[in-house]
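Chemist: Same order as they appear, the protein sequences are chains A and B. Position in the first sequence (from 1) plus 180 gives the number in my numbering. Position in the second sequence (from 1) plus 12 gives the number in my numbering.
Errors might be hidden in some of the hints.
Stated by the list, open to error - Result set (DSSO-like, lysine-lysine): computed pairs, CA atoms no more than 27 Å apart in a straight line:
| # | chain 1 | residue 1 | chain 2 | residue 2 |
| --- | --- | --- | --- | --- |
| 1 | A | LYS222 | B | LYS26 |
| 2 | A | LYS222 | B | LYS23 |
| 3 | B | LYS69 | A | LYS222 |
| 4 | A | LYS248 | A | LYS202 |
| 5 | B | LYS23 | A | LYS217 |
| 6 | A | LYS217 | B | LYS69 |
These are computed hints drawn from the structure, not numbers from a lab. None of the values given here were measured: they were computed from a predicted structure.
What follows is the residue order along each chain.
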Amino acid sequence: GENVEQHPSTLSVQEGDSAVIKCTYSDSASNYFPWYKQELGKRPQLIIDIRSNVGEKKDQRIAVTLNKTAKHFSLHITETQPEDSAVYFCAAVEFGNEKLTFGTGTRLTIIP
Amino acid sequence: DTGVSQNPRHKITKRGQNVTFRCDPISEHNRLYWYRQTLGQGPEFLTYFQNEAQLEKSRLLSDRFSAERPKGSFSTLEIQRTEQGDSAMYLCASSTWDGGYYNEQFFGPGTRLTVL
Chain A
181 GENVEQHPST LSVQEGDSAV IKCTYSDSAS NYFPWYKQEL GKRPQLIIDI
231 RSNVGEKKDQ RIAVTLNKTA KHFSLHITET QPEDSAVYFC AAVEFGNEKL
281 TFGTGTRLTI IP
Chain B
13 DTGVSQNPRH KITKRGQNVT FRCDPISEHN RLYWYRQTLG QGPEFLTYFQ
63 NEAQLEKSRL LSDRFSAERP KGSFSTLEIQ RTEQGDSAMY LCASSTWDGG
113 YYNEQFFGPG TRLTVL
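Could you build all of it, start to finish, from the sequences and the hints given here?
Modeler: If you want it as structure tokens, here you go:
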């Protein structure tokens, strides 16, 4: 089955700086890669996603890149703000399988 | 509130007792998923339904676990003879499936189970 690794497990950045979180996946059949943000005690919420036919996607301060050959994808947050502090999870989905395989999470702390 | 709802939000039980959780998906969603999340980890897939049919079960779902979605709407997850290792957050998610591209799964707030 699919295996998703995520790094780093914790990340602290100064407010206004950029944050990058990286994930690798094992199953070349995976073709959809969402990123979820989970605040303490709350449900995971989708913040951005990318499909395997696209190399990069951007939504305001958030961007995701995908390298299918290397089987890795990354989340980039620019101009970080205190409200970006949360745990971020990457995930991979294999078409036809539909279950999310999550990474282990990155706790992002924005230092004011 | 038109989002995914779960009840109860918290459940404390003694080892050996049975517990049942309920999930109400977004009304037009035909797919429903159950995940388990332990502290400091990402959610792990347990099982999912398309309408009332259970299409896949993870090997994490031992024979003490059973899930149903009898009318293709709400779902229940039952754990029999609970063990301390069952303590976790149980998350439900729903989505639409139209035979084409994958669609976003929307998560509920979860049921936090504590087994004493």
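Chemist: Now look at each hint and say whether the structure bears it out.
Modeler: Do the hints match the structure? See the list:
{"no.": "1", "hint": "A:LYS222 / B:LYS26", "in the structure": "holds (25 Å)"}
{"no.": "2", "hint": "A:LYS222 / B:LYS23", "in the structure": "holds (16 Å)"}
{"no.": "3", "hint": "B:LYS69 / A:LYS222", "in the structure": "holds (25 Å)"}
{"no.": "4", "hint": "A:LYS248 / A:LYS202", "in the structure": "holds (14 Å)"}
{"no.": "5", "hint": "B:LYS23 / A:LYS217", "in the structure": "holds (25 Å)"}
{"no.": "6", "hint": "A:LYS217 / B:LYS69", "in the structure": "holds (26 Å)"}
Consistency note: the structure conflicts with none of the earlier hints.
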